[in-house]
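*Asks:* Protein chains in written order, with the working numbering: chain A, 1 to 232; chain B, 1 to 471.
Treat each hint with caution, since some may be false.
Unchecked claim - Computed from the model, here is a short list of chain B residues facing chain A with C-beta under 8 Å: (1) VAL326; (2) ASP413; (3) LEU418; (4) ARG447; (5) PRO452.
Everything labelled a hint here was simulated from the structure, so no lab data went into it. Glycine included, each C-beta is placed from N, C-alpha and C at the ideal position.
If you want the building blocks of each chain, they are given just below.
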Amino acid sequence: MRVALFVTCVNDTIFPGTGRATVRLLERLGCTVDFPMEQTCCGQMHFNTGYRDDARALARRLISAFDGYDAIVVPSGSCAAMVREWYPSLGVTPPAGVHELSEFLVDVLGVTDVGAYFPHTVTYHPTCHSLRALKVGSRPLDLLSQVRGLTLVPLGGAEECCGFGGTFALKNPAVSAAMCADKVRGVLDTGAEVLCAADNSCLMHIGGSLIRQRAGVRVLHLAQILASTEED
Amino acid sequence: MATFIGMPAFPEASARAVGDAQLRHNLRKATHTIRARRAAVVAEQPDWAGLRAAGAAIKDRTLRHLDVYLERLESAVTAAGGHVHWAEDAAEADRIVVDLVRATGETEVVKVKSMATQEIDLNAALAAAGIRAYETDLAELIVQLGDDLPSHILVPAIHRNRAEIREIFSGRMASWGRPAPEGLTDDPRALAEAARLHLRERFLRAKVGISGANFAVAETGTLVVLESEGNGRMCVTLPETLISVVGIEKIVPTWRDLEVFLQLLPRSSTGERMNPYTSMWTGATEGQEFHLVLVDNGRTSVLADRVGRQALRCIRCSACLNVCPVYERAGGHAYGSVYPGPIGAILTPQLRGLTGPLEESLPYASTLCGACYDVCPVAINIPEVLLDLRAKVVAGDHRAERLAMGAARRVLDHPKWLALAQRSVGRLRRWTPRHLPGPLSAWSDTREVPVPPRESFRDWWARRAGEEGGR
Ligand code: SF4
Numbered sequence: 001m002r003v004a005l006f007v008t009c010v011n012d013t014i015f016p017g018t019g020r021a022t023v024r025l026l027e028r029l030g031c032t033v034d035f036p037m038e039q040t041c042c043g044q045m046h047f048n049t050g051y052r053d054d055a056r057a058l059a060r061r062l063i064s065a066f067d068g069y070d071a072i073v074v075p076s077g078s079c080a081a082m083v084r085e086w087y088p089s090l091g092v093t094p095p096a097g098v099h100e101l102s103e104f105l106v107d108v109l110g111v112t113d114v115g116a117y118f119p120h121t122v123t124y125h126p127t128c129h130s131l132r133a134l135k136v137g138s139r140p141l142d143l144l145s146q147v148r149g150l151t152l153v154p155l156g157g158a159e160e161c162c163g164f165g166g167t168f169a170l171k172n173p174a175v176s177a178a179m180c181a182d183k184v185r186g187v188l189d190t191g192a193e194v195l196c197a198a199d200n201s202c203l204m205h206i207g208g209s210l211i212r213q214r215a216g217v218r219v220l221h222l223a224q225i226l227a228s229t230e231e232d
Numbered sequence: 001m002a003t004f005i006g007m008p009a010f011p012e013a014s015a016r017a018v019g020d021a022q023l024r025h026n027l028r029k030a031t032h033t034i035r036a037r038r039a040a041v042v043a044e045q046p047d048w049a050g051l052r053a054a055g056a057a058i059k060d061r062t063l064r065h066l067d068v069y070l071e072r073l074e075s076a077v078t079a080a081g082g083h084v085h086w087a088e089d090a091a092e093a094d095r096i097v098v099d100l101v102r103a104t105g106e107t108e109v110v111k112v113k114s115m116a117t118q119e120i121d122l123n124a125a126l127a128a129a130g131i132r133a134y135e136t137d138l139a140e141l142i143v144q145l146g147d148d149l150p151s152h153i154l155v156p157a158i159h160r161n162r163a164e165i166r167e168i169f170s171g172r173m174a175s176w177g178r179p180a181p182e183g184l185t186d187d188p189r190a191l192a193e194a195a196r197l198h199l200r201e202r203f204l205r206a207k208v209g210i211s212g213a214n215f216a217v218a219e220t221g222t223l224v225v226l227e228s229e230g231n232g233r234m235c236v237t238l239p240e241t242l243i244s245v246v247g248i249e250k251i252v253p254t255w256r257d258l259e260v261f262l263q264l265l266p267r268s269s270t271g272e273r274m275n276p277y278t279s280m281w282t283g284a285t286e287g288q289e290f291h292l293v294l295v296d297n298g299r300t301s302v303l304a305d306r307v308g309r310q311a312l313r314c315i316r317c318s319a320c321l322n323v324c325p326v327y328e329r330a331g332g333h334a335y336g337s338v339y340p341g342p343i344g345a346i347l348t349p350q351l352r353g354l355t356g357p358l359e360e361s362l363p364y365a366s367t368l369c370g371a372c373y374d375v376c377p378v379a380i381n382i383p384e385v386l387l388d389l390r391a392k393v394v395a396g397d398h399r400a401e402r403l404a405m406g407a408a409r410r411v412l413d414h415p416k417w418l419a420l421a422q423r424s425v426g427r428l429r430r431w432t433p434r435h436l437p438g439p440l441s442a443w444s445d446t447r448e449v450p451v452p453p454r455e456s457f458r459d460w461w462a463r464r465a466g467e468e469g470g471r
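Pulled out of the complex, with its shape left as it was, chain B reads as follows (with noise of 0.2 Å):
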């Protein structure tokens, strides 16, 4: 089974992507479109900064009391006939949902598209107990069926194009189920109709539904999950077990909250008005049987965080990702993790820790240009948790960097010795190399190096002053 375990850093992971003509483009066309979707759908809102604020002031809250909101959808839900259970981190969420599976007596469980199952592997730990998996959201379903990884947060198998999945479906549909039809086109309506024929099966067989959710409505306990397929229904009513696990802060205090978010959401993620199919369940219904598993895996050491608890008011909308010039050039997949692009960069480093090269390289896999928080739709300010993790950063060892910088701070904390270096660069100006050495030549590789002056502002300014004094 494919993993992001073990990934390299983020220039290397993206610099072997930037080199994938293919990628680029079905990237570039994907991002754009849904770019121009989002900015239309929004533009007619004539309220949009108000409901933005709006999001992010009621995140904040729910947050700020998280321990309340935690305990009384915990109520709300044993109320209503459902089981609820705690994870501190991805193995014991991974273990509970195992147990409960095996309970059932089953080895075949559907999964509705879940960001929190995905973060703890669940498929890997499902698949060593002996059970099989099935995703049944379209995008999902050819990262399965490939032996890939998820690129995107909403479209996970935007890396690839239709002939490559026309090619995956005839290829491997066969091993998991129900096989493609003879002859299939890569037109978009046959493809999504041999899916279709191939999950329909799927669900009619399970016992078992695994989903994630949006949104939990605390003071009812009631779960929603939006989505634009309808096999999300499917599997949350069809299978007699309901396991759904959801991420600590995907909390919401009461359905008056909801409304906020049910106007943000589909705006900033599909860029349509409203998403086509919303399921809101609560507690179990006769016959059925319903468990929560609400899963921490680093977010309380987050939410300790004065800058970076603003990543936990994400709702997952993916407008940062279709934005992000980087994530358009580098794909979701140098980003080592579920949660690629501009949310990755600042999440990802937060909840495993600065641990590794691949977590310290995230939060500079960014230019700071900004677009991502210009659309964020709960105002996640990502270019300043940016910054605070990379201050965190080089507080670890990073000798070369610090020493380099720590020069340039004495020069430039000096105007005598700038004027200094200013002119002996200026002397040298002649010799200005086509190419810079070291770490430098990643400029000169691709840019020529500018020639500096022979003369600096400065020195022209005091030349011009005393020129004139001496008038």
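With the rest of the complex left out, here is chain A (with noise of 0.2 Å):
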């Protein structure tokens, strides 16, 4: 199957290791796996902070760059939340097929075993526009406890939301930080050893924080769980 990988401009930029992740994933489950040069962002951001005109400038791009593709995999919850859910509100047709990872590989590939190995104790923070926007539900879990050797632990107030927000951490930096002590203290009461989500962005704000405070647990995308396997 022919897919077009809508990276997303943060793992594009700070974290190139979750598009690779998810390309080998794609690839190792057979897909063939384009990326369409011309793409950049969703407009998430201006959006989000009220820049409507710029926002549907991105869109428009976005439009574009995935002319022609029937199935456009997104390894982010909120961006493909702002391509589905929000495009309309800005007059923009969203292209049909946009599949947030966990939903490509549960309802289109129909796989939950993705043949992944990842011997390590693990907490699953689901974001909320995973969870609420898409409602993708349990899959993120389901593909998570068929991983060899990985023992999932739940995470206590898990869709309570983690404080970031996007520029909600710059223009209410206190009540977000208050909201992310309150998140990593959940994630500290699991033991686990690393907390796994499908969007990098609260990654960054949560995994910021453990890492300031020396909390020895790692964060990592669902993609980079997912692609690891016993050659690793």
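Reassemble the complex: the two chains are provided individually, in unrelated frames, and hints are given to aid placement.
*Replies:* In structure tokens form, the structure reads like this:
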């Protein structure tokens, strides 16, 4: 199956490892992956901050960059939600076939066992836009629970927002930090070695705080765990 | 008298609350308890989604034909012996109520908990006219005695714990009437009993009662108040004159419509299947007088907004506050109005207009996590309204941010420029600062700054394609 990867600007620029892992995973599962070079950003930051004209320009660019693809895979819940749920309010019709990574694996490829091996204790944070905007439900957990060697531990207060919220973290730093502190406490209470999520922006926020606290917990995008094998 | 006027913008006010460990503890405990209770009684309702859709549809239909239903309500109330007054704004509503109380010759009134009278700051207007308003709801009493401000729709004193309440009762009850019993403890039952004795005297003395209403049924002119304590029922039945101050959006066309909300409201609000007291009254009974003051105060302008108007569906259940992670840390006062939490963040800037730093900061007082939309019993898409308001805020004068956003967009709109920018941060990665300058310091104060990678994804992709092509 031929798929287009919308890697997202954050992954492209700061977390390319997530993009490489997504490619590796999809190719291992028999997909032919394309990366349309004209892609940049979905426009979410501009849209969420109120700059709709800027967001609309970026949305149009995305539409034309992905013209002609039947399946577009996005390793980010919030960017997938931006395209699918919010483009209409900008007067832009979202392209058909936009899937967040876990949706693509479970619904389109029909797999939950992706042949991964990751011998670590992991807890999963269901980021708000995956959870409530896309409603990906248990898909990421179903995928993680099939990974060999992986011990999945539940996260207390999992459904609570981590406090990132894009420019919210800059506009309301006190509340954002307080929310993050509670999330970090929840993560540490699990005793997990790795915190996993399907959105690197939230992980950057929680992970940034974990590192600052020298907490000894790593953060990893879902794609990176699912791409791991015995050979790593 | 405490007032919301002149409150600082949300980021400042909430930062103060975040630093208050006791407040954080009180709020967390209270909101999580009520959140769990709501979740349990909603889950047991087999057709909650259907009820919720019906609630939203009824409100939308009513709002579309608001003029018709308001006139129907007016004639029904008048036919039942009541008097209807129309108030365009807070000042007019206050004036009407003050004049009505003056006409009775009384200088004291008892009040049922009401958001509308808080919104128009009625107690201050009455005080200025030499009329003392006694709050009779337990939580409102705590707020009033403490010369405090409400911080929650349902539990206005949610920011207080019982030790603080004991102190307020012991110190302040005497100056408002019957003093607190000697040696009052902070046992909840003892506190409730002290309040009951104190309030009982107020009720028996009062000749004028003031209430709001949860609903006004247009077809019969019936007003409806839902409550837990029974104080409301005393207020609307005992006094000779009853004045009800009601926002024009509280209307429902028929009793069949009301039935839907009588299921939605208690489950969403207190997490009960049914609330202990539902009082309903139609016009005036023999020997009593009834006045209905219908308040606009910005509502018709909200109604004119295609996206924002859904906020008028709100039935003030406070479910959105109880699930909001921002409210839980910021507390209610930071929202600078009687409407705190997510609903306040969309209602206050619309009712008052984007008129100052507080109003302009409220649409940003959210991470857009969507928890509020999920629980709202009338399906108000709060994130959608927040986003729409943000677009209106930046349409004003925000030069620095506009320049930064414009620059970011120009880079992001050109894949080649983006690649260039990525390569230059990649080259400077060794010098990634631990502390960022200017507004970005808000990030690095509490979190590590991510180190940019040596190679962006797009460069990796191009290199890989080149290597494969060369093989
Ligand atoms: S917005 Fe919805 S959830 Fe919030 S108080 Fe109003 S009705 Fe309740």
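*Asks:* Against each hint, give a clear statement of whether it holds in the structure.
*Replies:* Right, here's what the structure says about each hint:
1. Satisfaction of the interface hint for VAL326/B is found here, the shortest Cβ-Cβ separation to chain A being roughly 6 Å, below the 8 Å cut-off.
2. Here the hint on ASP413/B is kept, as its CB sits about 6 Å from the closest CB of chain A, short of 8 Å.
3. For LEU418/B, the interface hint holds, since its Cβ comes within 8 Å of a Cβ in chain A; the closest pair sits about 5 Å apart.
4. The criterion of a C-beta within 8 Å of any C-beta in chain A is met by ARG447/B, whose closest approach is roughly 3 Å, and the hint holds.
5. Here the hint on PRO452/B is kept, as its CB sits about 6 Å from the closest CB of chain A, short of 8 Å.
Going down the numbered hints, you'll see the structure goes against none, and every one checks out.
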